[in-house]
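Peer 1: Chains as they are written, first to last, in the numbering used here: chain U, 1 to 627; chain Y, 1 to 314; chain H, 1 to 210; chain W, 1 to 185.
Honestly, the hints are just simulated from the structure, not real lab data.
For glycine and all other residues, C-beta sits at the position ideal for the given N, C-alpha and C.
Some hints could be false.
Covered stretches of chain U, as calculated for chain Y (at least 3 residues, CB under 8 Å) [as the list claims (entries may be wrong)]:
id: 1; stretch: 337 to 344
id: 2; stretch: 352 to 360
Between beta-carbon pairs, the in silico distance windows are [to be verified]:
id: 3; chain 1: U; residue 1: D281; chain 2: Y; residue 2: H85; range: 36 to 42 Å
id: 4; chain 1: Y; residue 1: H85; chain 2: H; residue 2: P130; range: 57 to 63 Å
id: 5; chain 1: U; residue 1: P610; chain 2: H; residue 2: A151; range: 44 to 50 Å
id: 6; chain 1: W; residue 1: G129; chain 2: U; residue 2: G471; range: 48 to 54 Å
Where chain H lies over chain U, by a calculated footprint (3+ residues, C-beta under 8 Å) [said to hold, decoys possible]:
id: 7; stretch: 49 to 57
id: 8; stretch: 209 to 220
id: 9; stretch: 227 to 236
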Amino acid sequence: MNEALAATWSPGRGLSAWLREVRHTEIGKRFVVTAFLFFAAGGIEALLMRLQLSRPASGTVGPDLYNRLFTTHGSTMMFLFAVPVMQGVGTFTVPLMLGARNLAFPRLSAYSYYVYVVGGLLLYAGFSLRAGPDAGWFAYTPLSGPAFSPGKRMDVWAQMITFTELSALATAVNLIVTIFKLRAPGMSITRMPLLVWAFLVVAFMIVFAMPAVVVASSCLALDRLVGTHFFNHAEGGDHLLWQHMFWFFAHPEVYIIFLPGLGMISAILPAFTRRRVLGYDVVVLATVTTGFVAFGVWVHHMFAAGLPQLGDSYFTASSLIITIPTGLQIFCWLATLWRAPLRFATPLLFVLGFFVTFVVGGLTGVMLAAVPLDLQVHDTMFVVAHLHYVLIGGAVFPLLGGVYYWFPKATGRMLNERAGKVSFWLTLIGFNATFFPLHMLGLHGMPRRVYTYLPGSGWHHLNLFSTVCAGVLGLGILITFVNVVASRARGRRAEANPWEADSLEWAVPSPPPPYNFAEIPTVGSRAPLWEEPSSRGVVTGLATDQREVVVTTLLDAAPDHRTILAGPSIWPLFAAAVTGVGFIVSMFTPWGLPMAVALGVPVMVGWFWPKGKPTPLHAEQPGTKAA
Amino acid sequence: MMPASGYALAPAGPQAARLAHVFWVFFAVALVVYLVVVALLLLGVLRPGAAAVDEPARLRLVAVGGVLTAFTLIGLLVVSVRGGHELNPMRGAKDVLTVQVIGRQWWWELHYPGTAPDQEVVTANELHVPVGRPVLLQLVSRDVIHSFWVPELHGKRDLIPGHDSTTYIQADRPGVFRGQCAEFCGTQHAQMGFLVIAEPEDSFQRWLAVQRRPAPPQQELGAQARRGQQLFQRGTCVMCHRVAGTQAGATMGPDLTHVASRTTLAAGSLPNVREHLRRWVADAQSVKPGSHMPPTPLSATDQDDLVTYLEALR
Amino acid sequence: MSTPANTPPAPRSLDASGLPSHAFGHRAPLWWGVLLMVAIEATTMALLLVSYLYLRGNEDAWRPLRLSWRILELAVVQMALLVASVGPTMASVRAARAGRLRATRSWLLVATVLGALMLALRCLEIRWLPFRWDTDARGSVFWMTFGLHTAHMVTGVLENGMILALLYAGRVEEKHFGDVEAGALLWYFCVLEWVPALALLYFDPLLWPT
Amino acid sequence: MRRPCLALLAGATVAMTTGTMACKHETHDVRPSSEVSQAGSGVVLSTLFAGGVPSAIAGTLQTSQENAFAMNEGKRLFDAYNCSGCHAHGGGAIGPALMDAKWIYGSAPENVYDTIVEGRPNGMPSFRGKIPDFQVAQLVAYVRSMSGLAGGFWAPGRNDSMQVKPGENTVSTQAPVRAPGAPPP
């Protein structure tokens with residue numbers, strides 16, 4: 001039976017099969033690997049910047065290159081690493097955790113990956129041609145506008161935004177529909193794993209936050225190319241419209257990056273504490289609350305813009321309130337860890353590293369929420385320290401823990417534990433030593449994004465110390481990279497459930513076969529694998545010659561009907577190519593978009609036109625009268 | 001010599017004092033919370049006991065933690081909003097000095113309004129303020145968004161084209177406070193600093209009177225300075241700079257009528273001494289690459305004459 | 001961990017071969033997918049209308065422009081066509097749910113023709129509009145919203161056109177009737193989103209004099 | 001099958017971050033050297049000057065024609081040096097229009113350079129000694145982009161002020177025509 005399933009679900013071998021791939025395990029791995037390559041590129045840019053800042057008035061990097069470096073570093077880390085890597089982890093783990101054989105729209109996930117790669121290549125093609133963006137990762141107008149950013153530099157940034165957000169939206173739709181409709185029978189809403197809850201909330205945040213930046217970057221591109229006046233105050237436009245539109249997207253974005261990190265912690269902790277996460281309802285409600293409140297705090301980025309004080313006070317309140325749900329989640333994890341029989345493997349170390357690091361970032365976040373305090377530290381190195389503490393501490397630490405936790409499942413090989421521990425300690429110490437001094441630098445008046453500073457400014461020693469420790473941080477992360485590459489071929493073989501974890505993805509062999517589950521399991525509790533095996537049921541009667549899965553109802557996951565999932569197809573690649581050509585040409589001439597539509601229609605027809613043998617129309621509905 | 005950068009927690013004015021106070025309150029609360037969390041973490045992790053997990057008791061503790069967090073945040077909200085209100089008690093204050101601050105790409109233009117148009121003082125990069133008197137700054141931007149920030153006097157306020165805004169500062173003790181543009185504004189954002197020079201009322205009035213006088217007429221200049229003035233008016237300088245009392249009246253660059261009275265050059269980047277003045281005039285791009293001041297290649301003697309003339313503009 | 005009483009006990013093993021092979025409405029994954037795409041496009045349109053109101057609040061630079069009656073009448077006619085196309089679309093969905101192929105495709109043809117007619121009138125309107133996108137901020141937001149809705153309309157008409165081609169020429173399967181309903185969802189959105197946009201963009205100075 | 005693709009992707013990423021290649025349209029010439037900053041005069045010994053473009057600036061003059069940064073600087077200098085005082089924003093007032101196809105003294109970069117440095121009869125002053133050469137090259141590039149002769153995609157966009165005319169990047173190229181009564185080339 002497994003051979004028939006394998007023959008049905010595997011795309012075959014060779015380059016054409018690789019390009020037609022639609023299995024979520026493969027596309028998830030590609031997302032994560034590509035995102036970590038961009039993480040390496042962003043890391044190199046960060047080290048170059050730190051090198052330039054290590055000495056006052058140093059000539060290592062000129063102002064123009066430095067401005068391109070920090071903009072490309074910010075854009076790479078936010079748009080080409082953080083969100084896509086979470087998309088990758090979600091694409092890989094969610095179907096496995098739900099007991100599904102693939103995402104609801106397999107070809108859409110392939111399209112999402114290819115559009116993301118086009119966006120990444122566009123940004124780095126621009127950067128390598130000295131046409132990289134140079135007005136900051138949030139590109140305030142008028143500096144990023146037509147009058148003060150000549151050439152195509154900021155157009156490269158605006159189109160890259162459109163690609164990466166298109167990719168995130170496609171993955172979000174895919175995840176939501178998969179979570180709603182393809183759960184294993186019996187996995188009701190209250191039995192879903194907490195990581196799946198995190199991805200569900202994140203996906204809805206993507207659906208409602210990303211359009212804001214797509215509109216903003218399109219308005220900026222139109223202002224620069226055809227001369228519209230969205231951000232021209234002399235003709236009725238307004239520069240604060242850009243700031244409002246961008247931050248309405250960007251604050252939910254940082255929660256889109258951060259919430260999967262929390263979800264991963266809730267997935268890792270049970271395996272190493274032998275206990276289920278305490279307060280399942282509290283963590284779920286906290287995740288959902290964070291998802292909603294994240295849309296109501298964006299003006300705390302604009303306290304220095306001189307908006308009316310009453311509005312600022314409201315946003316101070318909402319920015320303070322948003323820490324409560326996260327605080328509750330942390331208290332629940334502390335309660336779960338409390339005097340538990342712990343196994344100090346690398347994933348758990350990274351989770352403990354999260355507590356020590358992220359809480360510092362959360363507390364400086366509370367400080368930044370207060371208007372009087374923010375007026376002193378806004379746009380200084382203090383904010384740079386805060387954002388790295390919450391993003392590296394809050395998302396990259398759990399992510400590295402997740403890499404060590406799910407690597408065996410993805411590749412069938414264990415990562416080396418000793419290298420993992422060395423990498424953890426180097427990363428933890430290197431990170432804190434690099435970024436904690438920046439708090440003091442910010443209070444001493446060092447602004448953000450300065451390519452140099454005067455010898456008499458008194459910032460020299462802390463900057464030098466921070467640069468040296470940045471090397472330590474880089475080394476720590478490099479060790480994990482080497483560990484991954486080395487263990488890919490020579491790591492210890494991993495069995496199906498190396499960590500004795502509780503969720504469904506550990507029920508399939510590592511690496512999972514093309515069809516994931518030989519029989520789709522039925523679920524009776526929140527920790528299916530910790531029940532005794534005898535009580536676990538399975539779904540039988542699904543065709544093995546077609547990619548057939550069972551669709552379940554939304555709340556109780558009762559079996560509802562069968563459906564055929566799409567198979568390998570080349571059309572997502574062509575659609576991504578057409579989207580890429582269309583938007584890149586529209587950087588130069590407005591006729592790019594009509595051209596994209598003209599090219600797009602045949603591709604869409606090719607994508608949707610039914611292929612393969614049709615099932616006759618009235619096969620199983622004799623009841624309906626012949627039309 | 002050049003003053004070190006301002007330290008936000010060493011206030012020299014009422015506003016910065018209020019901000020520093022709010023900072024220390026938040027910092028104290030944050031430190032306590034961090035120590036509690038780390039203590040809970042260590043106690044929980046380093047003492048593995050086989051204690052049975054009584055779920056409801058732990059959940060009640062989590063709830064208590066949540067309530068405590070909520071009350072702490074409400075307290076911090078009150079401190080923050082109260083701190084915010086005292087920032088502009090100057091509304092009703094009398095004898096407020098008004099100065100217009102115009103953010104330009106990579107330097108600061110300052111206008112001290114006078115009783116009559118010809119009494120208006122136009123200077124750059126060094127804001128002289130009387131000690132103890134509130135100063136109302138009208139912030140205007142001519143090109144991109146800048147941000148006016150003197151850590152020791154007040155928080156920062158953005159200069160956004162199309163949104164003229166105001167802020168108050170007041171220095172309670174004489175001294176030189178260094179400020180910096182805090183919003184990324186292009187190639188030379190890093191070297192767009194300025195100085196706030198707080199001085200007693202009488203020396204401030206003396207400074208203002210000196211600034212109101214035009215440049216010394218040709219007769220009073222030495223021979224070398226007179227040759228320098230010729231070079232100034234026949235060369236590229238006259239296209240951008242203004243020297244009141246001479247034909248040079250362009251306003252694209254800083255006003256040089258009293259350039260020698262300023263302690264720094266190039267928006268707080270160089271001390272105003274002869275060899276730096278020479279280096280800045282001859283090849284500005286070596287100091288601030290990308291700034292709008294082009295290099296002025298002259299022979300050595302011409303450079304001496306020009307620098308002598310500029311140093312005569314007291 | 002006590003399993004909350006309200007969730008059903010786990011079915012031991014289950015034979016799925018008896019389940020139907022397709023479903024309509026919120027039971028079908030495709031319906032949810034289109035609904036989420038509609039949510040994305042609705043957020044985009046809402047953001048544009050909010051930015052129109054935001055820029056409108058900037059009195060000193062905002063110049064309200066009274067559109068000529070000719071354009072307002074054309075806009076109302078287009079809206080009427082859109083509303084008129086809702087009826088046939090609902091009829092085709094009812095027919096699709098009942099599995100009646102001929103009725104489905106004929107009603108869908110009527111709806112698609114009405115949509116195409118509305119797009120033709122829109123090309124006429126483009127020539128009559130007195131301002132361009134680079135005239136001022138009002139023109140920019142107007143043309144951006146106008147363009148976004150036109151893009152939605154073109155997508156809707158093309159999608160319905162492709163479904164029609166499938167129903168007339170292709171080998172029709174059960175699940176294609178589900179596609180008709182998904183396409184209808186997008187069409188309802190195209191009609192619904194233009195109501196606030198029409199009121200705000202065309203009738204702004206008329207109904208709400210600043 | 002996965003290894004070559006990963007290697008390709010990694011190689012591309014590393015090659016791109018080193019920023020080795022340089023696209024001439026996009027480079028910001030942030031540090032103009034002193035020899036291109038001669039104000040067309042050097043040591044003034046007599047009022048007679050040989051015409052034509054000094055060799056030091058010829059290269060910069062050509063590259064500025066398609067460099068976005070140069071044209072944008074030219075647009076800033078066009079207002080800063082008050083060229084708009086006589087030429088308005090290209091429509092022409094006291095001085096002739098610059099955005100139309102008619103050229104009195106030739107439309108090649110060298111001709112426009114000479115016009116700025118030498119001056120022309122009927123009111124065009126000579127800016128020799130007043131504007132450094134690299135800035136004259138930027139002005140030349142901007143003036144020629146007004147009628148679409150320079151820049152193409154890389155011409156400047158609209159500016160952040162009242163809309164006087166559409167940005168130079170939306171102007172279609174107008175083939176230069178000798179104005180009636182123009183002196184023989």
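Peer 1: Taking the hints in turn, state whether each one holds.
Peer 2: Structure-based check of all given hints:
For the stretch 337 to 344 of chain U, the proposed coverage by chain Y is satisfied: 6 residues have a C-beta within less than 8 Å of a C-beta in that chain, meeting the threshold of three. Figure legend: the stretch 352 to 360 of chain U, annotated as covered by chain Y; annotation consistent (5 residues with Cβ-Cβ distances under 8 Å, at least 3 required). Between D281(U) and H85(Y) the CB atoms are about 40 Å apart, so this pair conforms to the stated range of 36 to 42 Å. Taking the beta carbon of each, H85(Y) and P130(H) are about 49 Å apart, not inside 57 to 63 Å as hinted.
A beta carbon spacing of about 26 Å between P610(U) and A151(H) contradicts the range 44 to 50 Å that was offered as a hint. Separation of G129(W) from G471(U) is about 52 Å and conforms to the stated range, judged on CB atoms against 48 to 54 Å. Beta-carbon proximity to chain H at under 8 Å applies to 0 residues in the stretch 49 to 57 of chain U; the threshold of 3 is not reached and the given coverage is violated. Three residues within the 8 Å Cβ limit are the bar, and the stretch 209 to 220 of chain U against chain H gives 7, so the coverage statement holds.
Coverage of the stretch 227 to 236 of chain U by chain H holds. Counting CB-CB distances below 8 Å, 9 residues qualify, and the rule asks for three or more.
The earlier numbered hints that this structure contradicts are 4, 5 and 7.
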